[in-house]
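For chain Z, the structure is supplied; the task is to place chain V on it using the hints.
Listed in order, the protein sequences are those of chains Z and V.
FYI, numbering that gives the first Met the number 0 numbers position 276 of the first sequence as 275, with every residue one higher than the one before it.
FYI, numbering that gives the first Met the number 0 numbers position 34 of the second sequence as 33, with every residue one higher than the one before it.
In short, the hints are calculated from the structure, not lab data.
Where hints are given, some of them may not hold.
As the list claims (entries may be wrong) - DSS-like, lysine-lysine: derived pairs with alpha carbons at most 25 angstroms apart:
{"#": "1", "chain 1": "Z", "residue 1": "205", "chain 2": "V", "residue 2": "15"}
{"#": "2", "chain 1": "V", "residue 1": "6", "chain 2": "Z", "residue 2": "37"}
{"#": "3", "chain 1": "V", "residue 1": "24", "chain 2": "Z", "residue 2": "204"}
{"#": "4", "chain 1": "Z", "residue 1": "204", "chain 2": "V", "residue 2": "15"}
{"#": "5", "chain 1": "Z", "residue 1": "172", "chain 2": "Z", "residue 2": "139"}
{"#": "6", "chain 1": "V", "residue 1": "26", "chain 2": "Z", "residue 2": "319"}
{"#": "7", "chain 1": "Z", "residue 1": "198", "chain 2": "Z", "residue 2": "216"}
{"#": "8", "chain 1": "V", "residue 1": "24", "chain 2": "Z", "residue 2": "172"}
{"#": "9", "chain 1": "V", "residue 1": "6", "chain 2": "V", "residue 2": "18"}
{"#": "10", "chain 1": "V", "residue 1": "6", "chain 2": "Z", "residue 2": "263"}
Said to hold, decoys possible - Just the calculated beta-carbon pair ranges, DEER-fashion:
{"#": "11", "chain 1": "Z", "residue 1": "83", "chain 2": "V", "residue 2": "24", "range": "26 to 32 angstroms"}
{"#": "12", "chain 1": "Z", "residue 1": "86", "chain 2": "V", "residue 2": "24", "range": "54 to 60 angstroms"}
{"#": "13", "chain 1": "V", "residue 1": "29", "chain 2": "Z", "residue 2": "275", "range": "34 to 40 angstroms"}
None of these values were measured; they are calculated from a predicted model.
Idealized CB from N, CA, C, for every residue including glycine.
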Amino acid sequence: MSDDTNPLMMLIWILPIILFVFYGQRIQLYVTSGEIKKAIKKLDGFKVESRDELINYVKKNLKLENDPTKNIDKFLEYFTIMPVDMDPNGIVDKVRHTVRMKEDYTREHIKLLSPQITEIELTKVQTLLEIASSLQMIYKIVNHMFLTAKKQNNYPLILPLQMLLPFIMEQAKAMNDSIPAFKTGQPVGDGIGPMIVGKMMLDAKKETVAFQTVLAKTDFEDRTLFLLKAEGPGSTVGRPAEALESIVSNSHIDAIVMVDAALKMEGEDSASVSHGFGAAIGGIGTERFQIEEIATQKKIPIFSIVVKQSTNEAITLMTKEIADTSDDVRSQIYEMIQENTKQGQSIVVIGVGNTSGVPQ
Amino acid sequence: MIFSKKKTIVAYTIEKCPKCDMQRKRKFVEGDCLFSDSSKCTSCDGLTRIEKIFGQELES
Chain Z
0 MSDDTNPLMM
10 LIWILPIILF
20 VFYGQRIQLY
30 VTSGEIKKAI
40 KKLDGFKVES
50 RDELINYVKK
60 NLKLENDPTK
70 NIDKFLEYFT
80 IMPVDMDPNG
90 IVDKVRHTVR
100 MKEDYTREHI
110 KLLSPQITEI
120 ELTKVQTLLE
130 IASSLQMIYK
140 IVNHMFLTAK
150 KQNNYPLILP
160 LQMLLPFIME
170 QAKAMNDSIP
180 AFKTGQPVGD
190 GIGPMIVGKM
200 MLDAKKETVA
210 FQTVLAKTDF
220 EDRTLFLLKA
230 EGPGSTVGRP
240 AEALESIVSN
250 SHIDAIVMVD
260 AALKMEGEDS
270 ASVSHGFGAA
280 IGGIGTERFQ
290 IEEIATQKKI
300 PIFSIVVKQS
310 TNEAITLMTK
320 EIADTSDDVR
330 SQIYEMIQEN
340 TKQGQSIVVI
350 GVGNTSGVPQ
Chain V
0 MIFSKKKTIV
10 AYTIEKCPKC
20 DMQRKRKFVE
30 GDCLFSDSSK
40 CTSCDGLTRI
50 EKIFGQELES
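Chain Z with its partners taken away, still in its complex shape (with noise of 0.2 angstroms):
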């Protein structure tokens, strides 16, 4: 008797035949659940690790009345409604005034905890405090959407999940391992901006011109150099785009240069330097429309310079690559201002990005 009429081998046969057309889903679905499952359990670390990092650090830095632990837990739970965008008229206006009402919000109730706080120490538990919120927002979104498919035993439902996961992941870590540099107040790879910018203003007079931001005047060639960054060493990205109207309300502006990190595409070689026109700025949108909307009113052309890194680089502690582009970036901009103005016209540079660990 062959193998093909075998009945036992037909069974053998069949049967997994059988299995997968009816229960298929439900076994992809125990797969899928385990390796997401994997990823839910390095959340949770990522979340109880930033927590735990955030208070030792207050603990230790601060000097504290009460014990911060209830206070912070209840920050961590702190959630922003944005507003609603079926008429988007006005959003940008209100997108920002809520952002602002919860970091003012966040920082007065930091003070409380510690009335004696300084300025850097401030906005080094505020972004620690960012972190650990969102890495909490994370960890529930994920474990919300896994329980969910499989309460309702639907494999479809975990599809999207188990596609986003590893860019989630991603961001995640990269979160997760920008706590050190923050807490040492160290530049990280977003601050190559306000670092180039830094250097350019040293011997320079500085002034604050807007909320955590600073301008300093300098010349170059018979021009007249407007420079400006967030105020360092603490960790903050300042309000650029407010300081660029109080300049253009009391100076002639002819153009304006913008020096940031921007994300490399993969592929791409990390640290590599690129020119573009438009506002090289990130954020959730409202400093670069309002500095679009300068420059679009007044008719001053923007000129980008942009340094490549990826998300973990441009959180977590500078690169040497990135560090080392700084002085040749630095020529790149006086370049810039030499071949698209004229002797006697007047620029902005603005080094955008997170200034911790970068003064000024």
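Relative to chain Z, chain V alone:
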């Protein structure tokens, strides 16, 4: 994974003497801040300034 190497990031500080341009690389110490005065220059009587702070990967 069995064959993956654990990567450790070590923070370094680069000090540069504005007088003689001498550069020195040392391990980062808490309190180091970019553009701040650091230590006496070993090759002239100048005072070095912190030029860069960065992380480099060590494979172990």
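Evaluation of the provided hints:
A hinted pair counts as satisfied when its Cα atoms are at most 25 angstroms apart, and residue 205 of chain Z with residue 15 of chain V qualifies at roughly 23 angstroms. Among the hinted pairs, residue 6 of chain V with residue 37 of chain Z is consistent with the structure: their alpha-carbon atoms are about 21 angstroms apart, no more than 25 angstroms. A C-alpha spacing of about 30 angstroms is found between residue 24 of chain V and residue 204 of chain Z, which places the hinted pair above 25 angstroms, so the restraint is violated. Of the pairs offered as hints, the one joining residue 204 of chain Z and residue 15 of chain V holds, with about 23 angstroms between alpha carbons and a cut-off of 25 angstroms not exceeded.
Between residue 172 of chain Z and residue 139 of chain Z the CA atoms are separated by roughly 16 angstroms; this keeps the pair inside 25 angstroms, and the hint holds. Proposed proximity of residue 26 of chain V and residue 319 of chain Z is supported: the alpha carbons are some 13 angstroms apart, at most 25 angstroms. For the hint pairing residue 198 of chain Z with residue 216 of chain Z, the CA-to-CA distance comes to about 13 angstroms; that is within 25 angstroms, so the pair holds. Annotation: proposed proximity of residue 24 of chain V to residue 172 of chain Z is violated, straight-line Cα distance about 29 angstroms (limit 25 angstroms).
The suggested pairing of residue 6 of chain V with residue 18 of chain V is violated, with an alpha-carbon distance near 37 angstroms, which exceeds 25 angstroms. Taking the CA atoms of residue 6 of chain V and residue 263 of chain Z, the gap is about 22 angstroms. The hint holds against a cut of 25 angstroms. Between residue 83 of chain Z and residue 24 of chain V the C-beta distance comes to about 54 angstroms, which lies outside the given range of 26 to 32 angstroms. A C-beta distance of roughly 57 angstroms is found between residue 86 of chain Z and residue 24 of chain V, which places it inside the suggested range of 54 to 60 angstroms.
A beta carbon spacing of about 38 angstroms between residue 29 of chain V and residue 275 of chain Z agrees with the range 34 to 40 angstroms that was offered as a hint.
Of the hints listed earlier, those the structure fails to meet are numbers 3, 8, 9, 11, in rising order.
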